[in-house]
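Protein chains: 2
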Amino acid sequence: MEKKFLILATNDDGIDSNGLFHLVKSLEEFAEVKVVAPDKQQSAVGHMLTISKPLRVTKFYRNGEVFGYAVNGSPSDCVKLALSTLLDRKPDLIVSGINYGQNTSVNILYSGTVAAATEGCLAGIPSIAISLGTYDLEFDCKFPAELSSKIIKKLLNEQKLQFKLLNINIPALPPSEIKGIRVTHCGNAYWKDNYVKRVDPFGRDYYWFAGEFVPSDDEGSDDWAIANGFVSITPVNFSFTDYSLIEKMNEVSFDGLDTLSSF
Amino acid sequence: MEKKFLILATNDDGIDSNGLFHLVKSLEEFAEVKVVAPDKQQSAVGHMLTISKPLRVTKFYRNGEVFGYAVNGSPSDCVKLALSTLLDRKPDLIVSGINYGQNTSVNILYSGTVAAATEGCLAGIPSIAISLGTYDLEFDCKFPAELSSKIIKKLLNEQKLQFKLLNINIPALPPSEIKGIRVTHCGNAYWKDNYVKRVDPFGRDYYWFAGEFVPSDDEGSDDWAIANGFVSITPVNFSFTDYSLIEKMNEVSFDGLDTLSSF
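One line per chain: the protein sequences are A and B, in this order. In this text, residue positions in the first sequence follow this note's numbering: the first is 528, and each later residue adds one. In this text, residue positions in the second sequence follow this note's numbering: the first is 528, and each later residue adds one.
Keep in mind the hints are simulated off the structure, nothing from the lab. Quick caveat: nothing in here was measured; it's all calculated off a predicted structure. Check the hints yourself; a few may be wrong.
Stated by the list, open to error - Using 27 Å as the maximum straight-line C-alpha spacing, the simulated DSSO-like pairs for lysine-lysine come out as follows:
1) Lys567(B) <-> Lys724(A)
2) Lys775(B) <-> Lys617(A)
3) Lys580(A) <-> Lys567(B)
4) Lys531(B) <-> Lys669(B)
5) Lys775(A) <-> Lys677(B)
6) Lys719(A) <-> Lys617(B)
7) Lys724(B) <-> Lys586(A)
8) Lys706(A) <-> Lys669(B)
9) Lys580(B) <-> Lys724(A)
10) Lys775(A) <-> Lys706(B)
11) Lys775(A) <-> Lys567(B)
12) Lys580(A) <-> Lys719(B)
13) Lys681(B) <-> Lys719(A)
This is chain A alone, in the form it adopts within the complex:
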């Protein structure tokens, strides 16, 4: 018997998130979906791995049925544990989301949603992160979920999933106001950092992060797409080396300066 197309679904908002729920329901229309997700909200955890405490796995029920496995760890933990230990076979695709809050530009570094998809990509499995352009948990995720599922089916049929990692961002708009889909590059937005300083009832200072995200207006970028009502699909590739600097750095006379005595 031919095995059904298998998708591992995860997120960083936690296994009880509506974003994940609607996504899974839409994906189940054409695929077998296994859910392994954090047991609670894990936003902004980046590529955190849990190495100094044990991970627990519990069945999570929704509407009286097992919806998936909840893990007391980060999105990266979930994917690593699922691939190495929990799943019977290698999934054909990994989908992370739908996250409340857009993950464009530099947020790729901070996002647990993208980190989970990155783990899939590092394991050699095509992976997709999906985020929504709002933090409003009341925003109905049903349409974004169905749209995501349709996009994935398109990619499967027309492109055979020939990608490593896609970062999809969907504007928080009613269907009729979404202008289309754009393949984008990662923007150069930044965070204007700010911490609000307050005093607790015991007279001690504390600080809350109150940074402001300053989106890129660079046409063709992920930020630009969202701001203009387009669904953004960014093909991601992690490249860390600044090759342009290697030659210049080699001009510094390090050679032979291997021990302290030679400095």
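Keeping the supplied structure of chain A fixed, place chain B upon it in accordance with the hints.
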């Protein structure tokens, strides 16, 4: 009066780490050093940001003197809070380390040490992450610290810190066995994931991460340098877009498929 060259020092092993202590002592020979570091061990936290709880800042004493500020957050939090709030002026350089455990190849994604330096780089300040090729906390960090300080002085004098982010890894060897310094590219090492399943005294399963790091043997890479006794300096640049895929992705007939009805 001319202001002294200012360095912000941080790490991910925690403000009480010997790696940070020896590094700061070495740097103080030529610079003013301000320390803002996590109040406890934060390894493998990646680019985690603390957004859902307040940050506390406390003075940390060492040998009866204020050594620096301890923050109940991640390395990224420390740098953001230091730059936006705690420091009186913008540092000329940010140094993160010395970390116990090498941060080569894909570990750039997971490392809190590198994440702290990345925050500096994103804020437009030359930043350096420094890691040691051993997890043995008994390994004497004095020589690696002095070597790091000498390298930084060289970069300052000969290269005017014309870089964004350098990822330095130092082999855990006695000075006489270090073969030299190499400017390297980021390797393609990977983690062979494995979780050990155990049963707790109450009969419930738990999992420990027991992954194995499989270093790259690619000549000229950071992993190769460390394995061959060289200090590795990798110029880092974060580039996320897979431009090679943008054209191919555009061949998928997304255009016009903006609403569900049109699929």
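Do the hints match the structure? See the list:
no.: 1; hint: Lys567(B) <-> Lys724(A); verdict: 22 Å, holds
no.: 2; hint: Lys775(B) <-> Lys617(A); verdict: 26 Å, holds
no.: 3; hint: Lys580(A) <-> Lys567(B); verdict: 15 Å, holds
no.: 4; hint: Lys531(B) <-> Lys669(B); verdict: 24 Å, holds
no.: 5; hint: Lys775(A) <-> Lys677(B); verdict: 19 Å, holds
no.: 6; hint: Lys719(A) <-> Lys617(B); verdict: 15 Å, holds
no.: 7; hint: Lys724(B) <-> Lys586(A); verdict: 17 Å, holds
no.: 8; hint: Lys706(A) <-> Lys669(B); verdict: 60 Å, violated
no.: 9; hint: Lys580(B) <-> Lys724(A); verdict: 13 Å, holds
no.: 10; hint: Lys775(A) <-> Lys706(B); verdict: 21 Å, holds
no.: 11; hint: Lys775(A) <-> Lys567(B); verdict: 37 Å, violated
no.: 12; hint: Lys580(A) <-> Lys719(B); verdict: 19 Å, holds
no.: 13; hint: Lys681(B) <-> Lys719(A); verdict: 32 Å, violated
Comparing the model with each numbered hint stated earlier shows that hints 8, 11 and 13 do not hold.
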